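Those protein sequences? They're chains E and C, same order as listed. Counted the way numbering that gives the first Met the number 0 counts, the first sequence spans residues 0 to 406. Counted the way numbering that gives the first Met the number 0 counts, the second sequence spans residues 0 to 83.
By construction, these hints were calculated from the structure, which means they are not laboratory data. All values derive from a computational prediction rather than experimental measurement. A few of these clues could be false.
[What the hints assert, rightly or not] Chain C stretches covered by chain E per the calculated footprint, using a threshold of three residues with CB under 8 Å from any CB of chain E:
| hint | stretch |
| --- | --- |
| 1 | 9-23 |
| 2 | 29-38 |
| 3 | 41-50 |
| 4 | 56-67 |
[As the list claims (entries may be wrong)] Selected chain E positions facing chain C (in silico; Cβ < 8 Å):
| hint | residue |
| --- | --- |
| 5 | GLY239 |
| 6 | PRO243 |
| 7 | ILE244 |
| 8 | TRP334 |
The beta-carbon is built from N, C-alpha and C at its ideal position, and this holds for glycine as well.
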Amino acid sequence: MRNALSYHERWSEAWRSPEPKPGYDVVIIGGGGHGLATAYHLARDHGIGNVAVLEKGWLGGGNTGRNTVTVRSNYLRDPSIRFFERSRRLYEDLSATLNFNVMFSRRGQIDLIQTWAKWRDVRRRSLSMALVDAEYTIITPGEIVRRVPLVELDPKARLPILGGAWHPGAGIARHDAVAWGYARAADAAGVDIIQNCEVTGIRRAGGRVTGVETTRGTIMAPRISVAVAGHASVVAAMAGLRLPIETVPLQAFVSAPLKPVLDVVLNCPALHVYLAQTDKGELIIGGGADGYTSYAQRGSIHVIEQSVAALIDLMPRLGRVAMLRQWAGMIDLAWDTSPIISTTPVGGLFVDVGWGSGGFKAIPASGEAFAQLIATGEPPELIRPFGLDRFLRGRPVLETAGASNRE
Amino acid sequence: MFLIPCPFCGQRNEEEFVSGGEARRRPDDPASLDDAAWADHLFNRDNTKGVVREWWWHARGCRLWFMVERDTLNQAISPAEKPP
Numbered sequence: 000m001r002n003a004l005s006y007h008e009r010w011s012e013a014w015r016s017p018e019p020k021p022g023y024d025v026v027i028i029g030g031g032g033h034g035l036a037t038a039y040h041l042a043r044d045h046g047i048g049n050v051a052v053l054e055k056g057w058l059g060g061g062n063t064g065r066n067t068v069t070v071r072s073n074y075l076r077d078p079s080i081r082f083f084e085r086s087r088r089l090y091e092d093l094s095a096t097l098n099f100n101v102m103f104s105r106r107g108q109i110d111l112i113q114t115w116a117k118w119r120d121v122r123r124r125s126l127s128m129a130l131v132d133a134e135y136t137i138i139t140p141g142e143i144v145r146r147v148p149l150v151e152l153d154p155k156a157r158l159p160i161l162g163g164a165w166h167p168g169a170g171i172a173r174h175d176a177v178a179w180g181y182a183r184a185a186d187a188a189g190v191d192i193i194q195n196c197e198v199t200g201i202r203r204a205g206g207r208v209t210g211v212e213t214t215r216g217t218i219m220a221p222r223i224s225v226a227v228a229g230h231a232s233v234v235a236a237m238a239g240l241r242l243p244i245e246t247v248p249l250q251a252f253v254s255a256p257l258k259p260v261l262d263v264v265l266n267c268p269a270l271h272v273y274l275a276q277t278d279k280g281e282l283i284i285g286g287g288a289d290g291y292t293s294y295a296q297r298g299s300i301h302v303i304e305q306s307v308a309a310l311i312d313l314m315p316r317l318g319r320v321a322m323l324r325q326w327a328g329m330i331d332l333a334w335d336t337s338p339i340i341s342t343t344p345v346g347g348l349f350v351d352v353g354w355g356s357g358g359f360k361a362i363p364a365s366g367e368a369f370a371q372l373i374a375t376g377e378p379p380e381l382i383r384p385f386g387l388d389r390f391l392r393g394r395p396v397l398e399t400a401g402a403s404n405r406e
Numbered sequence: 000m001f002l003i004p005c006p007f008c009g010q011r012n013e014e015e016f017v018s019g020g021e022a023r024r025r026p027d028d029p030a031s032l033d034d035a036a037w038a039d040h041l042f043n044r045d046n047t048k049g050v051v052r053e054w055w056w057h058a059r060g061c062r063l064w065f066m067v068e069r070d071t072l073n074q075a076i077s078p079a080e081k082p083p
């Protein structure tokens with residue numbers, strides 16, 4: 000309160016900015032939500048506090064700051080549902096766990112059903128999700144319009160709305176707060192968070208990692224964990240590792256702030272657009288991925304045009320709303336579009352990559368499970384299906400529930 | 000939005016094309032590979048940050064395949080090659 004009345008100039012730092020030490024027990028590459036959550040859980044659950052998180056820019060400045068903040072668990076495959084439901088439940092208590100308000104708002108999500116194939120898909124998912132007590136039920140078009148008056152039912156539309164799928168556990172959270180909350184909690188547990196420190200090489204000897212070269216000098220560590228989004232292949236290549244990953248742009252945009260018009264997350268998988276309204280009043284809107292690999296952090300305008308066309312088709316009243324900002328995040332996608340949390344053929348090197356369009360919602364469960372993998376060398380049951388060896392063994396987790404999936 | 004030089008039709012809008020991914024050489028003798036080498040060929044990618052040699056398909060044009068070199072940082076594209 001006192002700080003609020005003094006022009007916000009006297010707040011103390013929420014975490015230290017230490018100089019890197021010559022060596023650590025674990026070095027985590029990537030200071031986004033995943034890296035920070037992993038560091039927090041290493042310190043809290045496994046007593047490994049001699050950890051450095053290296054971030055090439057600023058905390059949460061990569062995909063943690065570029066996503067559309069949706070948290071949900073309506074996936075297709077059993078391992079994905081189990082994992083994302085665990086993560087969603089951790090989000091519910093995250094503010095209390097971290098003693099930092101992450102503004103998680105469990106407002107529910109409606110998926111529009113516009114084809115009979117989607118109807119069957121939703122029915123299948125609802126039964127799979129019931130196995131882990133996650134609710135996903137079919138609602139009528141009338142109920143959709145009652146809850147979201149913006150939606151206009153047009154019986155002559157090419158894809159008329161046949162119904163919806165209601166996922167009451169879904170919600171949105173404040174992305175920066177998630178990164179800051181984990182950063183403060185990890186820092187309090189002794190983790191060194193080092194910003195403006197880009198990793199330029201990974202040192203190896205005898206098939207094992209020994210340390211990293213960075214723009215702030217060499218840092219030795221027997222265990223190196225890659226929690227990078229948009230550059231997973233680039234970092235893995237520093238250790239001579241090739242990954243089954245391609246990097247593509249995924250675009251999003253934000254409207255001017257409006258009065259409250261939408262109190263759920265509304266997703267339209269058939270036309271590739273989804274949106275939610277933030278507490279500030281902006282509509283945050285995501286579309287489909289661009290169709291080519293790129294590291295440019297921008298995408299093509301016709302992909303946005305497609306999303307906007309879909310939006311206006313569903314909600315004609317949004318046609319006069321001004322859009323404020325538009326951007327792209329680079330998403331790393333494995334061909335089965337499931338993440339990779341795994342040991343690697345390089346000793347001491349762990350990867351937590353390939354989150355595609357679903358990294359934000361995964362932060363709490365991924366941090367928890369990845370920390371256990373790093374601490375014990377053994378993946379917990381929750382992430383065992385997401386190992387790097389699944390491709391070699393012919394056991395991919397073919398997922399269809401990401402924003403990057405084409406229907 | 001960028002233009003792609005189709006070797007058969009000339010410069011055309013990106014929307015007419017489908018990306019075929021990075022150009023990879025099929026192993027000369029697939030039967031002699033072990034599972035790891037075959038999985039590496041099937042699934043792993045260089046996913047280069049910089050210039051990549053890749054396939055494009057002029058799906059909404061002449062419907063032919065060709066290769067270009069494209070910079071994944073700025074989408075600058077070299078003249079296309081016809082397939083061998």
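Against the structure, the hints come out as follows:
Three residues within the 8 Å Cβ limit are the bar, and the stretch 9-23 of chain C against chain E gives 6, so the coverage statement holds. Check result for the stretch 29-38 of chain C against chain E: holds, 3 residues qualifying (beta carbon to beta carbon below 8 Å, three or more required). A count of 8 residues in the stretch 41-50 of chain C with a Cβ less than 8 Å from any Cβ of chain E is obtained; the coverage claim is therefore met, three being the minimum. Using a Cβ-Cβ cut-off of 8 Å, 0 residues of the stretch 56-67 of chain C lie near chain E, which falls short of the minimum of three, so the contact claim is violated.
The interface hint given for E/GLY239 is violated, since its Cβ lies 12 Å from the closest Cβ of chain C, which is over the 8 Å cut-off. About 4 Å separates the beta-carbon of E/PRO243 from the nearest beta-carbon of chain C, less than 8 Å, and the hint is met. With a cut of 8 Å, the hint placing E/ILE244 at the interface with chain C holds, because the nearest CB-to-CB distance is about 6 Å. Contact between E/TRP334 and chain C, as hinted, is supported at the beta carbon level, the nearest pair being about 6 Å apart and thus within 8 Å.
Figure legend: structure checked against the earlier numbered hints; hints not met, in rising order: 4 and 5.
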